[in-house]
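Add chain B to chain A, keeping to what the hints say.
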Amino acid sequence: MSTVVNTKVMQADLRDTTSTSRKNWDKAFLGGLWLFTLLAIVTLVVLIGTTLLKGYTRLNPSLVVNFPSPFPEDAGIQAAIFGSIWVVVTSGLVSLFIALGTAIYLEEFADQKSRLNNLITINIQTLAGVPSIVFGILGLAFIARGWLGWGFTVGTASAVLTMMILPVMIVSAREALKAVPSSLREGAFALGATRWQTIVKQVLPSAIPGIATGSILGVSRALGESAPLILLGALAYVSSNPSGLSSDYTVLPLVILKYTQEAQEEFQAVGAAAIIVLLVLLISLNMIAIVIRDKSRKSW
Amino acid sequence: MINQNFRSRFTSLVVASLAAGLVAVVGASPVSAAKIGDECKSKDLYKIEKLASSFIRCEIVKGTSIHSSDPKKKAKFKWTATIESQYILANAEKETIRVDGSSTVYPLAAVAAKYFENSTKSVKKGNGAKVTVGFSGTGGGFEKFCRNETDISNASRAISAKEVAACKATGITYTEVIVANDGLAVVVNKQNTWATSLTMKELNAIWKDGSTITNWKDVRTGFPDVALKLFGAGTDSGTFDSFTEFVNGKAKSVRKSGVQTSEDDNVTVKGVASDKGAMGYFGLSYAQENASKVKLVPLDKGAGAVEPTTATVQNVSYPMARPLYFYVKNASIQTKPAVGAFVQFWVDNLAQISEDAIFVPLTAKQIKALQGGIKAIALIPKVKK
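Protein chains in written order, with my numbering: chain A, 1 to 300; chain B, 301 to 685.
It should be emphasised that the hints constitute simulated quantities derived from the structure, not laboratory data. Not one of these hints is a red herring.
Sample of chain B residues facing chain A (criterion: CB under 7 Å; computed from the structure):
| no. | residue |
| --- | --- |
| 1 | VAL411 |
| 2 | ALA413 |
| 3 | VAL433 |
| 4 | GLY434 |
| 5 | ASN566 |
Quick reminder that beta carbons are idealized off the backbone N, C-alpha and C, glycines included.
Only chain A is shown next, with the shape it has when bound in the complex (with noise of 0.2 Å):
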């Protein structure tokens, strides 16, 4: 009795196969996806071309040779993205380091079944999560001021955009290394390599399209960061780059925030021509990462 069921049920499972309405659900499914993936380029192609009608008029060198100004007609972003490029530089290679130390711990040497492994674990995931606000005001109370003392300087805000971008490119780093098959590492034992040896010579080499990925994702994020750097006394007049980690300084988002909060018209122009330099320097460095993801994707 159960066999015949079966059967009258498989059969209307191979009938339902060749079946229009299965067929039908297939495309409109299909064409969700593509309204969707449309949906995302139409609203980014939007937002790239009212900012560029907007802003193309003030896309000049001017723009990128002038000073911050109170004046629309010479008013400039010089001083905010040298500001910008040390701020996330520093902090990129500070935090890059840190990241890649503490991946390679917790991938290569950590017990991982050590309570206190998973507890850092843990808290390095939930940190990835926090408002960056809060970094700006722990950067505040315990580097700007506290027994750190340093003040509103690049140095100040490159640390805190270090621990804000910190979790991220660890979390990065370490699947980076997770996604090394481990035939590799044994194969650097069996002949004699040791620990250090495999890691440097076979892994690393093996993970850094991942590990690049992950953090010019965290530079990026970096760069484009404004919440805590308001905090932490980014500067809207400032008529001269940053020239050590103890400067002041200014950077590119609030910069674009000054000028589009100005009254006078003719200031949405400089900004939206501010965001569009923002643009060009988040895409060039989405670039490199590409690049060197490409130049040194192994496949096994």
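Just chain B, lined up with the frame of chain A:
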């Protein structure tokens, strides 16, 4: 062979570009060929040069505003004879003058900073004093000021008792300077035909703590049945403090619900411009800049409705007129000559700075009082000629 050829070509290119750069630098360096009466460029405004034993300064001789598109107001610039004191001010030591505080006063401070740097840059050959200006709000500015982190704090209200105590605790003494007049403008949508004026009582009924008015018909009998939408300034801003004090009699006291708050005045402009029943408020200079998008409402405190204009703000007949301040640390003036020089420069050129930052300038009486007060404090020690 090819490599060598390339290298020599590269070397000659470098040499050529270096030479070209040198020529450009020498050509651009300010060999003072200008004399009194010659034209100068707008970007050189307040640049000072020494001509034999006298001094000349690039100044506005015709027109008023340097960035007005109105041809009648468009400025002309000429080298003009100037007094020695301006040269001495511009000779201030190479120091960083830290300014922070109210975002309302920010444009004024930034214009002053730009002009001051123009004059020091020309006299000190690029080694002049540097000014940095932040905009962390009146409250945030005072917090830094009383922690000894800034030299000058901009404020759109007078320092509060709490802040006075904070400064006292760290032993910081300061001098209060009124730099401009400002009015707070109440704005409504362009299509709002009924609110031709509002009384302060009506504003209080709308904005007071506990107010439940959500419709224009409840504001005044005769007003139409249109939903009232309120836009307010950020709670950290001096604008918010001033408005709540003017309207509700107590700073920071405001209705808890039904107000959309934003630190960005542009958001308020857009919100009010897009909703027929909307109402918002911000600084008068900002409102006048946006007069094409929103409507300014005349206010009445019992003596008839008064339009918000420069004149009514200056003579305080407009109900919501307020002075704008900066506070300068006395210790900074004594230890950093550049701070005193900057303050003196700002006060000396106050009229032009207010004009270019689009602020309601001080009255002649206010300026006179201010200059008297500033001369007493701005002792600039150790001036090098």
